[in-house]
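Engineer: As you go down the protein sequences, you meet chains A and B in turn. Here this note's numbering is used: the first residue of the first sequence is 1, the next is one more, and so on. Here this note's numbering is used: the first residue of the second sequence is 1, the next is one more, and so on.
Worth flagging that the hints you see were computed from the coordinates, not collected in a lab. All values derive from a computational prediction rather than experimental measurement. Glycine residues also receive a C-beta, built at the ideal position from the N, C-alpha and C atoms. Check before you lean on any hint, since a few could be wrong.
Said to hold, decoys possible - With a straight-line Cα cutoff of 25 Å, these simulated PhoX-like cross-link-like pairs (lysine-lysine) come out:
| # | chain 1 | residue 1 | chain 2 | residue 2 |
| --- | --- | --- | --- | --- |
| 1 | B | K216 | B | K206 |
| 2 | A | K367 | B | K432 |
| 3 | B | K76 | A | K367 |
| 4 | B | K127 | B | K152 |
| 5 | A | K366 | B | K80 |
| 6 | B | K449 | B | K432 |
| 7 | A | K366 | B | K457 |
| 8 | B | K206 | A | K346 |
What the hints assert, rightly or not - Each pair of labels, with its calculated beta carbon distance range:
| # | chain 1 | residue 1 | chain 2 | residue 2 | range |
| --- | --- | --- | --- | --- | --- |
| 9 | B | G251 | A | F354 | 53 to 63 Å |
| 10 | B | P202 | A | F354 | 27 to 37 Å |
| 11 | A | P230 | B | E131 | 49 to 59 Å |
| 12 | B | A132 | A | K346 | 26 to 36 Å |
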Amino acid sequence: MSLPRSARALTEAAATGEISPLDIVEGVLARIEASDGEIGAFLEVRAEEARAHARRLEASKDRGPLFGVPFAIKDNLQLAGWPITCASRILEGHRAAYSATAVQRLVDAGAIPIGRCNMDEFGFGSSTEHSAFGITRNPWNTDRIPGGSSGGSAAAVASGMVPLALGTDTGGSIRQPAALCGVTGLKPTYGRVSRFGLIAFGSSLDQIGPIARSAEDCALALSVIAGHDPRDATSLPETFATSDRDLAGLRVGVAELPASASPAASIQARVAEAIDTMSSLGAEVRPVALPHAEHAIAAYYLVATSEASSNLSRFDGIRYGNRVPATDLRTHYIETRSAGFGEEAKRRILLGGFALSSGYYDAYYKKALQVRTLIRRDFEAAFADVDVIVGPTTPLAAFTIGDSIDDPLSLWLCDLLTTPANLAGIPAVSIPCGFDDDGMPVGLQLQGPALGDAKLLAAATTFQRATTFHDQRPGAS
Amino acid sequence: MTDWQPVIGLEVHVQLSTRTKLFCDCANAFGTLANSNTCPICAGHPGVLPVPNEQALLLGVRAALALGCDVQPFSKFDRKHYFYPDLPKGYQISQYDLPFALNGSVDLGDGRRIDLERIHWEEDAGKSTHEAGYSLVDLNRCGVPLIEIVGKPNLHSPADAHAFLDSLKRTLRYATVSTCDMEKGSLRCDANVSLRRTSDAPLGTKVEIKNVNSFKMVERALDFELARQAAILDSGATVAQETRLWDEARGETRSMRSKEEAMDYRYFPEPDIPPIELATSTIDAQRELVAESWQTRRHRYESAGLTAYDASVLTAEPDIADYFEATWQACDDAKQAANWTQTDVLRAAGERGVGIAELRVRPNTLAEIIGLVQSGLINFAGARKVFNRILDANDGPCETPAEAVVALGVAQISDPHLLEPIVREVMGACEKAVADYRKGKTKALDALKGRIMGKTKGRADPAVVGEILTRLLSP
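Bound conformation, chain A alone:
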């Protein structure tokens, strides 16, 4: 049986009884069986549970807004009883004692969890090569990386294995793999989606968001997972309602990019074409200035690593996860954490710990917070004149596996265009806008003002109704 590809079409078909949740699950499992051996998007597929879940749904009278929609979960989001590793050895064998609010809300809306997706360890990376459990391949070219850190989630959607996946975005970890895999990925406004149950990387930057085949599906998922959560003191009180505003009269800002992030020529060309398309759909394109954007990477890597070094302190092998036996406490900590964390995790813990240490705090962490304020103000000023800011999501399309792993700094620079939205707490979405000369997908990033998620997704939806990039699928699958 051929399943509808979009989450909306799937749930409509399921709700009317045209197709049963179990049929959907079987279809999805068959696709995973066919594709994932090559792609490696999943760390674990929980097939029997998914089938049982589908049967329970069929028996129940509830028809939630995501009834019957299978979804994949980045392996840093908890679902009670499931193993969870963050793609790290240090959590190997751990099972979640409770469910993340966002995951629970999807389940409560009738969605069916299928399995756990690969990622860069704890979110540290943009290629999913920093997973302790193997790499994930880009469905458009299996020699290439899928991006990261939500690489498994993006690859699972891009290859058509699932219509929806949850990712998390600390500096671009939803948008960058979405761009590199040719799918749509949203980082909502900070505080829109509860972080309760997300294994923290950079607490002041992290947001959970959907990766799907269209902005419309992302909006559908966001409408389910958004909203205040009493268990997250940083979650916002505002409710989310989708918007159907089109591009007519929308003020679209285009910012000059920092020199260090000069995108590849073919990416610049695709983005220019996309802006033309928006213009032809009625958008008013005008330039905006983001003068402090070039400092985003420096500020981001100080804030993110500082918070990460703190957040990862709890992984000590005392209560859960892997433990290296030792005869004294100090050796226990050193051995357990040295064996449990991968190279990139160690690099970031050390960097963050250094930035927070006595005597360096003012020069690094505090300075980074000041830059962060400047970046936020840049956006506030820009959004006084425009409704959205568009540009490339990444300076480069997906590179070849292994190409950059030994050069962390050049990898970090790839985040230059995505980190400002996290530093400012604003929503941003990446949508496909064509292919580069090698046939790899190119992502267009739309950024909006805080709480402007609905307008942003409406603009993206209008673009997608007029284009077919998001409907393209890798290979013949």
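Assemble the complex: chain A is given as a structure, and chain B must be docked to it using the hints.
Structural biologist: Using the frame of chain A, we list chain B on its own:
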């Protein structure tokens, strides 16, 4: 030692009496099975987030107001990092550079005030027990709400340090923010100690003493440490800046870590908790809940004619003071209310191991008993029987003191016509006492009175008996 002036500053951790822990819904309770009173949040599971408990924040504010602090409208939480098995997140959520309260003072009760630096909120850690060859970790205490009260180094003797803690405890108990029970760990104290030559000399090198867990230990530990430092300085050597642990069993402090090993806690603002903004109305509402201070009450009691000693005993605990005041109001006799509260009432509570507020004899019942004595219906011995009868009555409708008098048959015999024959009978039987009295041994009168009380089963009115005896014995 007399050559040196001790300089002592205390840092006091106080557990707040909240229903639940600071950042999760676990009960703030003692004595449960190890690790049973935990949840993913206080046990530091991956992905959990702290949500501040409003009651804890408000109790902290009330404590600060009771100590005369300036409560800050804007403060924030920070993370303090160190690795230890009973600290499950690898950091403690505390307040660093923007605490919620500044200044304030502790009144030593003799006119002196010791200034405070600050008060901040933080979460408690778990408990480690070290056995031979292994360590046990109990996370039940993790996340219990604390305030840390930092006093300025303005104390100059172990006795003053004791007075500081005693006053602080009374104040916080009056504000009903904590039980302040050092033995149960709800009040814990670290002391910074140094010596200097004269009171205007610069401060000497300070040593921090940890693990002083009772009022007695504080004085003992300070005495030991001051003598240790004086001996070092007298020998011409210098005191090393370090943290020392009080070893109660050995009665000494010993080095825990030196300045070089001092921890870098890598404080930074807690990103999971937005800054805490306290509205003026919120602070004012807490101000109204701060009860009259124990010092003010003490002065009021002394003005009512009680001795300084009585006033001090009665204000030791807010429950005692409340009980005394309610009795006093109802019977209008401060002295009697004070006597009863300090003796029979406290003894009864102590014997039963319950709080004074839980006693079956409530203040107005006690006032009625006192009233029966005042009106002459019963004497003190009878009153005590009535008190004990009501105290030990089973559940059910309470007997009134008047009913108890009837049931016990302790109504006082005051009629001289009834008492005189008994007095004569006793005088006849105790010729020696009568003779002794007439020879001038006035003490012999007590023996006669005792016999008369015995004959009447304690019911004779002592005053009337006294009058009759004096009349009959007079030559």
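Engineer: Run every hint past the structure and note whether it holds.
Structural biologist: Consistency of the hints with the structure:
Taking the CA atoms of K216/B and K206/B, the gap is about 22 Å. The hint holds against a cut of 25 Å. A C-alpha spacing of about 100 Å is found between K367/A and K432/B, which places the hinted pair above 25 Å, so the restraint is violated. Among the hinted pairs, K76/B with K367/A is consistent with the structure: their alpha-carbon atoms are about 19 Å apart, no more than 25 Å. For the given pair, K127/B sits about 28 Å from K152/B by alpha-carbon distance, which is inconsistent with the 25 Å threshold.
Between K366/A and K80/B the CA atoms are separated by roughly 16 Å; this keeps the pair inside 25 Å, and the hint holds. Taking the CA atoms of K449/B and K432/B, the gap is about 14 Å. The hint holds against a cut of 25 Å. For the suggested pair K366/A and K457/B, the alpha carbons sit about 84 Å apart, so the restraint of at most 25 Å is broken. A hinted pair counts as satisfied when its Cα atoms are at most 25 Å apart, and K206/B with K346/A does not qualify at roughly 37 Å.
A beta carbon spacing of about 43 Å between G251/B and F354/A contradicts the range 53 to 63 Å that was offered as a hint. At roughly 34 Å, the beta carbons of P202/B and F354/A sit within the given window of 27 to 37 Å. In this structure the supplied range 49 to 59 Å is violated for P230/A paired with E131/B, their Cβ-Cβ distance being about 40 Å. Taken as a hint, the range 26 to 36 Å holds for the pair A132/B and K346/A, whose Cβ atoms sit roughly 35 Å apart.
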